[in-house]
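Student: Chain by chain, the residues run as shown.
2 protein chains.
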Amino acid sequence: MSTVWTDRFATRTRGVTSSQIRELLKFTQKPGMISFGGGLPAPEVFPVQRFQDACHKVLTEQSDTSLQYGETEGYRPLRELIANYTAREGVNAKVENVLITSGSQQALDLIGKLFINEGDCVLVEAPTYLGALQAFNVYGATYESVASDQNGMCTDLLQEPLRSNPKFIYVLPNFQNPGGTTLSEERRHQLVLLAERYGVPILEDDPYGQLRYEGKHLPPLIALDHHNLHPAGGYSIGNVIYLSTFSKTLAPGLRVGWIVAPPEIIGKLTQLKQGADLHTSTFNQFVAYEVAREGFLEQHVQLIRKIYRERRDVMLQALTQFFPPEVTWTHPHGGLFLWVTLPQGSDMPAIFNSALEQNVAFVPGDSFFAKSNHERNNGCEARRHMRLNFSNAAPDQIREGVRRLAAAVKANLCGTLIPSEPPLEARQSRD
Amino acid sequence: MSTVWTDRFATRTRGVTSSQIRELLKFTQKPGMISFGGGLPAPEVFPVQRFQDACHKVLTEQSDTSLQYGETEGYRPLRELIANYTAREGVNAKVENVLITSGSQQALDLIGKLFINEGDCVLVEAPTYLGALQAFNVYGATYESVASDQNGMCTDLLQEPLRSNPKFIYVLPNFQNPGGTTLSEERRHQLVLLAERYGVPILEDDPYGQLRYEGKHLPPLIALDHHNLHPAGGYSIGNVIYLSTFSKTLAPGLRVGWIVAPPEIIGKLTQLKQGADLHTSTFNQFVAYEVAREGFLEQHVQLIRKIYRERRDVMLQALTQFFPPEVTWTHPHGGLFLWVTLPQGSDMPAIFNSALEQNVAFVPGDSFFAKSNHERNNGCEARRHMRLNFSNAAPDQIREGVRRLAAAVKANLCGTLIPSEPPLEARQSRD
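Protein sequence lines, in the order shown, are assigned to chains A and B.
Numbering-wise (my numbering), the first sequence opens with residue 1 and increments by one.
Numbering-wise (my numbering), the second sequence opens with residue 1 and increments by one.
Errors might be hidden in some of the hints.
A few chain A residues that face chain B, going by a derived Cβ cut-off under 10 Å, partial list only [unchecked claim]: (1) Arg8; (2) Glu196; (3) Thr282.
Since the hints were derived computationally from the structure, they do not count as laboratory data.
Heads up, the beta-carbon is just placed ideally off N, CA and C, and yes, glycines get one too.
The whole structure should be built from the sequences, with the hints applied where relevant.
Tutor: Shown next, in the form of structure tokens:
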């Protein structure tokens, strides 16, 4: 099977592997499978009629421009809409601060391309978003991980790693993926202050910020950066780059995300985007604009909140009902995920296989830990976790899925007390 | 305007600049401008009603999957359609040989990422597609350029550069961008044989192959690779990677392109695409499939050929009528471009400015020459050319645009005889 191409891979690709989550997506199409694996929105909340109307209008009135090549920066009315949307947070954002990307995954790739030299260190939370690690790995990033708790990244642990001058801090303050935790207001202030003091910039990734189910909305880091308080001239000198997306509020199939940053950075990212894909689909940008405009986005988010809040509550209830007392989990105030922690010594690969056999899928937690320069999370720690998604399955499926998952977990918890494990079948029959 | 971000650009971005063409797109929106600058299809050939029907059908019948996340490899029915489409050329392509990309620009980026180490040499035509240079530059590519004539890349000049073992050969055999030239059948065979003999793989970029206006269709390089003649098992060990796109046959605003390659290479590219943008817009892939299927693509291409052939003929006629005899140009058998060569010593920046003032735009040729390791094209040579697009403007506009352009050229040809140039205004008034 070898070809002259196969001998010629660039060195940067050595460590590149497929994401466990993307591979899982294939499993989850098996009939009868209940999946807590992906980060998939519920298709029931896609605003289909609004998409119908938008496609019809765009193709009737703007076919010559919406099907044509467009500017790399993005469709200007959409950039304006996003600048205004961001400005609601008190951020002095203008159209020049916004670059449209092909989903916020592309934003992560472009930022890796623009900033990361081979060997550069990125400061991340432990655990953190797997897709960011994938995007940065290919540019040769190394990592320093900072522990997090129910209030997000432990900012009191930041000073030491900041002294070694990492390239930037990557953080998901709201309903973190995978942890489901939210960075407290006090820690947000502390993080922005420390980053400023040590001269280290912040990359704020906020795909879920609008999906809050309890508690009050907290300001994004970009709104706490004092560079951003000049009313004239837009956001020109800030230390925070902010990412978001329509994937969780309209539909992921559009692949429309965005970057908010100082214009000089937007200019460089635009040059890189030219070489990467010329521009994001013009048609999808026109359609996203037609769907989101006139307050529809804000109104539609209310509906999503209602539906996902119920699903989160059903999952929390089911976990309490079915899971053994040795197991703990986070209580997310929003977003799509919660994070389950099993007792030390849990055999996660066995639980994972056992769960798949019982037609329930999740993502084992180890993928979400960066390989740190200074290893603060040993492998055992990383293998104790499961990420559960609660947005995609219907409430009765969530309940049934958690029941099956609890069976797989309990079978394994018994197993951990026995030095030599019985075969999988034997363990399963014990439940 | 400096921020802590600005000091932190990765070294790979040092040489990155914005494409002259992308910048030109902004100029060309000026009222009254006739643009031969971009590579824009004619909006009149967008199959708008078919798009209307496709969007309506996809949103009515498949909203839950078409608006959702999808597999990185692409929408399977679309991959099958493309495999079958490729198989018409005699290529034994299967669904495993196809990766859907966000336009074929993304294909170039992913291939750069997978293969190019800092300093690696890519063998290119002189001139070659600017967007490929942009995609490869960021990964540290260097170049060796091979001259081309009216029959495409001069394959008799290939042996010496092949001996130095470049990473791969990048070539556009059909209606080349920017040259408008087509690689002859004899040279196609020679190129594939030489590449095989020296163990150097070929990247074949074919965005325009279906848009032929005269002469017989020639086999793509991928169909001449003898590794590809095994009927069982698909295209598994070939030396040619093949790229194409719907941008010129359906609509560029979709951003749907593809790569045909051995499955092992598709697998690695898929891993890189995960980190780059997760996947190409699911919605656009479903829509492209609905538009292209049941022979519509083949039928629609007939219409495009008819319209573009007329525009090419009008441009060729106008060039003959208005341009001075010292100027020559290529006679493209298809595609979107032709290539004009001015006498030595022509002042291209002056012609360009003068043309813009007369409301006609083109792309100066120097952008299309790679900076070669062994400089075979001196700067003077590169500055003698203009790329003219004939697909976007209507026939009467083409005639008027060429008339204006001829005026700008003639004004400058006079100027070249005068050692110290008069100011721009003075030169223009001479026409």
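Student: All the hints need checking, so say for each whether the structure fits it.
Tutor: Each hint, compared with the structure:
1. Arg8: holds, 5 Å
2. Glu196: Check passed: Cβ of glutamate 196 of chain A comes within 8 Å of chain B, closer than 10 Å.
3. Thr282: holds, 4 Å
Hint check: no violations occur; every hint is consistent with the structure.
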